[in-house]
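> Spelled out from the first residue to the last, the chains are:
Protein chains: 2
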Amino acid sequence: MKLLQEKIKQEGRVLKGNVLKVDAFLNHQVDVFLMQQIGKEFVKRFSTEQITKVLTLESSGIAPAAMVALELGVPLLVARKCKSLTLTDELVTAEVYSFTKQETNQIMISKQFVAKDERFLIIDDFLANGEAAKGLLDLVEKCSATAVGIGIVIEKSFQNGRKWLNEQGIHVESLARIASLNNNTVTFVVEEMK
Amino acid sequence: MKLLQEKIKQEGRVLKGNVLKVDAFLNHQVDVFLMQQIGKEFVKRFSTEQITKVLTLESSGIAPAAMVALELGVPLLVARKCKSLTLTDELVTAEVYSFTKQETNQIMISKQFVAKDERFLIIDDFLANGEAAKGLLDLVEKCSATAVGIGIVIEKSFQNGRKWLNEQGIHVESLARIASLNNNTVTFVVEEMK
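The listed protein sequences correspond, in order, to chains A and B. To convert, take the position in the first sequence, counting from 1, and add 412; that gives this note's numbering. To convert, take the position in the second sequence, counting from 1, and add 412; that gives this note's numbering.
Each hint should be verified, as a subset may be incorrect.
It does not matter which identical chain is used: a pair holds within one copy or between any two.
What the hints assert, rightly or not - When the alpha-carbon atoms are kept at most 27 Å apart in a straight line, the in silico BS3-like pairs for lysine-lysine are as follows:
(1) Lys-456 <-> Lys-428
(2) Lys-465 <-> Lys-433
(3) Lys-421 <-> Lys-523
(4) Lys-554 <-> Lys-433
Because the hints were derived from the structure by calculation, they are not lab data.
Between the sequences and the hints, there should be enough to build the whole structure, so can you do that?
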């Protein structure tokens, strides 16, 4: 997605340890017009999937996922990272390992918001090693629902997440695929025009 | 806001300790069409304020705040509750006391996303004792910016937050004002039609 790639080139910053800082438009300050365009692009790419609900993980996934849900006209379900006072009914949990923090955390949804034939589109801001994606897929499976695919805003294609998802036969669409962050420079994967 | 009041009546649940559970459309599953209507309503109510940016606190404020920002055509800034790997520059922090958890937590924004004449509209999902609102106002003040007002989705008018904000002369707009949650019943504040 050209608009997103340009934004990353202009406002993204490469930090040590292959970290791409996109606080200017995605993770802290949010460019909501860009999020709306991202929403429309995901809907186009998953147009044949008969999605009934969008699933994301708090909190950086919420803005793009909300725009996808709005464009599709379906509800959004936000998997939580912390137990809350009100999130108590029919909890389904999964574990997500964080390579950065070197710790495992639980994520959870309430099964009461998962219909029997629910067809989820999973949306997340980043795909690196795929740990969050695995956790979200695990939640969907534990609810006996279907994940029609995963939409990723920024994919670090030099890490293992995409490869693992491809091996599982999951339909993945990433709007910006980063081949390398070497020399403080963002290099995108060269893809043939579809 | 009638649509919101009806949704609260239909899908909200009153739990022990004056807790209103709105996981069905606001805090866990999100009704994005309702969020869009909420966004339009806030924009109407603050129409004279020349807002340059919307400010909210992760994570339940993000969906309604993103719709406000989209409707206004301005960026959204999301105050974070946890230090992140990439949120490191020019951090401004404030403290938020949680009556529920009986603990004080830090919230933070990066000053680099606050322009000199920034005019923030603060959006949050709930107003009870006003601790989150105080923290967000504190962040704005520490950045020498202006808070033009606070838009609240659901106000517990029987708690002290609204009173405190009124005493400070802050322009507060709450889309649903709850007078009482006694007897497991939601009773709204009766307001004269504007």
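> Please flag the earlier hints that this structure goes against, numbers listed from lowest up.
Structure breaks hint 1 only.
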